[in-house]
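K.L.:
Next come the chains, spelled out residue by residue.
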Amino acid sequence: MSVEFSEKALEQLRELLGHYPDRQAAVIPALHLAQEEFGYITQEVEDYVAKLLEIPATDVHQVFTFYTMFRDRPVGKYHIKVCESVACHIMGSTNVLDYLRKKLGIDVGQTTPDGRFTLTTVECLGACEMAPMMQVNDDFYGPLDEKKLDEILESLE
Amino acid sequence: MPTLKIDGKEVWVEPGTNVLEAAKKLGIEIPHYCYHPALKVAGSCRMCLVEIEGMPKLQISCHTKAADGMVVWTNTEKVRKARQAVLEFLLVDHPLDCPVCDQAGECYLQIYYMEHGLYKSRLRENKIKKEKAKPIGKHIILDQERCILCSRCVRFTREVTKTFELGIFNRGNRSVVDLYPGISELQNRYQGNLADICPVGALTDRNFRFQTRVWYLQQAKSICPGCSRGCNIEVDYNISREYKAGGRRIPRIRPRHNPKVNGYWMCDDGRYGYKYVDALDRILLPRRLDEGEPVELSWPAAYTMAADLLSEATKEGADKVGVLLSAKMTNEELFAARKLFSSLGVSRIGFRVEPKEPGYEDDLLIKADKNPNTKGAELLELGLGAGKSDVSALLDAAEAGEVDTVVIFNEDLSKSSEAERAEAVLPKLGRVIYVGTNWNATAAKADLVLPMATFVEQEGTFTNFEGRVQRFWKAVEPLGESRTGLSILAGLATALGLEPVSENAEEVFAELAEQVPAFFRGSATRNLVSTGNWLRARLGRR
Ligand code: SF4
Ligand code: SF4
Ligand code: FES
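Protein chains in written order, with numbering that gives the first Met the number 0: chain A, 0 to 156; chain B, 0 to 541.
It is worth saying that the hints were derived from the structure and are not from the lab. Heads up, some of the hints might be wrong.
With the Cβ distance kept under 8 Å, some of the chain A side facing chain B (calculated, not the full set) [as the list claims (entries may be wrong)]:
(1) Gly-38
(2) Thr-41
(3) Gln-42
(4) Pro-55
(5) Phe-65
(6) Gln-134
Computed Cβ-Cβ distance ranges for the label pairs, DEER-style [unchecked claim]:
(7) B/Gln-186 - A/Leu-155: 45 to 53 Å
(8) A/Ile-151 - B/Gly-42: 41 to 49 Å
(9) A/Leu-15 - B/Glu-76: 44 to 52 Å
(10) A/Leu-15 - B/Lys-387: 24 to 32 Å
(11) A/Arg-72 - B/Lys-414: 51 to 59 Å
(12) A/Gln-34 - B/Glu-465: 46 to 54 Å
(13) B/Val-40 - A/Gly-114: 25 to 33 Å
(14) A/Val-107 - B/Lys-128: 50 to 58 Å
(15) A/Ser-5 - B/Gln-186: 30 to 38 Å
(16) A/Leu-16 - B/Gly-53: 40 to 48 Å
(17) B/Glu-105 - A/Ala-126: 50 to 58 Å
(18) B/Glu-76 - A/Val-107: 43 to 51 Å
(19) A/Glu-156 - B/Glu-124: 39 to 47 Å
(20) A/Ala-86 - B/Gly-171: 20 to 28 Å
Glycine included, every Cβ here is placed at the ideal spot set by N, Cα and C.
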């Protein structure tokens, strides 16, 4: 993988930098950009971001490892994040997770062999009114039951 | 100037001083972990909480500026409870390593637990496992389980060395201090300080690891002889348990705070460069060469032989003798040597030895001149005229047949820029006397070798590159039969029938201060005795 932002991403970064008092403050959005560009963050990517921001790579790594939404490995085409926090738990997130495990044939943290689905769990996504809920890529789904899950998975191609 | 009251006592401080420092001024020690006076305030450990009247909650004293009229209480029931709670949190995942941890005895978890903790463990869960005994640099080992995440080490690499090797990665109870994954080890020349500033046993010194318990150590105030900075140091020595540290009497040295010279720090070259003092190649007995065969001598015999060699030489003319002193010697030794050899009529007294390669230098502490006392030698007006190398001048004179006897003090010429020429010329000379601490190529070929004490085995003063005269004290006795430079000079003076030389460094310093205008105005001796720390050479400053 050649680690370099596209012209578009570079443009976005320049724009971003204008929003912050110093470059250190732009690490999170810059990492989001990088994740969009490259799919996940390797050490090469961290070094590249550090160079772009002109800050020590250690500072990028501190932020990267702190936030769970940054990934250090590739995910499937659809990244399913099942909320396991209190509200969703009470409303049956365990069943949701069990059903997805069985249906996709993978465990939490794994990706289907065809590369389509990755299953992970997350803490509260702030959508308790939809409990039990999950996020697939950028979209929220809920409340979930087995029928709803079948429909959603079928709609994802 | 803000004036405030701490535990009922009034104190005034400079504006901007924090409450923790203000309390220190009153002799009140507020427990703390993350705060270090030489680093930016992090305010993360919460150990330094105090009660301030008018404020509803406890405040961290490291990050609260002292204000006029402030009333602070550092030891109320509320404060003590808070401290205990902070400690309990810090110790939740702390391993029970004390019996095998080098920090034990000077660990602030132990110290504060005994002072402020003393609760029964309520922990029923398993402790989190992290990486242990991970070498992260040439001199430092990291134990992540012992770390309390105070971030002192991280700030040190950011603010002091500006090398940014360390960070705190992950979060919550999985947080760890570690090297940035892109590098394999620490890249700065000041690593040893990390072990000093880590308040617990998470960063330990590989040189000191498992050598001895700290409570067997005694301290002597000293000066690092590693370069012309003259960092103030503490020599930690152990003479009560000889079997510790593989028989090394000095298991470690540490920086001693001096804001005018080295702050809280010292470099690794200096910190680990002292090992020659306990090395196996120390010269332990006087020795002469008899047809190339080494013969050990008693001191009286050695003095007699030295006196004979020198008298023979001066009979042919005092010009025939060249003396190479060393900028590693103390002001007192240099002064006494100058006096002794001048009274023999010798005028070729040099000290400048140019190294093979120029020394490393940076803009933090390390100086290119690897001698602690070049300035002192210059102030004593030693040296063979202009030029970088007195060795070259002496060798020139020897090659021209003007000099046939040399006395070399503690300089291995095979390490100098004149190594090859010295190797060719020295053996052709009539008489070579070597006075030094450790065996080397130059000592090996000398007709007479006198064993000298190292800096930890004597007291004296060095003048650093800025002209600060700094005193150091003796830690241990000279090894074997070695003697201090002053003692050797005194012996020689007696054997030669010259005016006696005192073996007492304080007396010699007093005489030096009298006679050498560059040194001090006025009450030099009294200053030397009372402050014993550092004084300022005159150096054109008024
Ligand atoms: S390793 Fe030591 S200095 Fe560094 S954060 Fe941990 S406890 Fe503090
Ligand atoms: S900077 Fe010089 S004086 Fe200071 S510790 Fe290093 S070698 Fe010793
Ligand atoms: S010393 Fe004040 S918060 Fe750590």
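K.L.:
Hint by hint, which ones does the structure fall short of?
P.N.:
1, 2, 6, 10, 13 and 14
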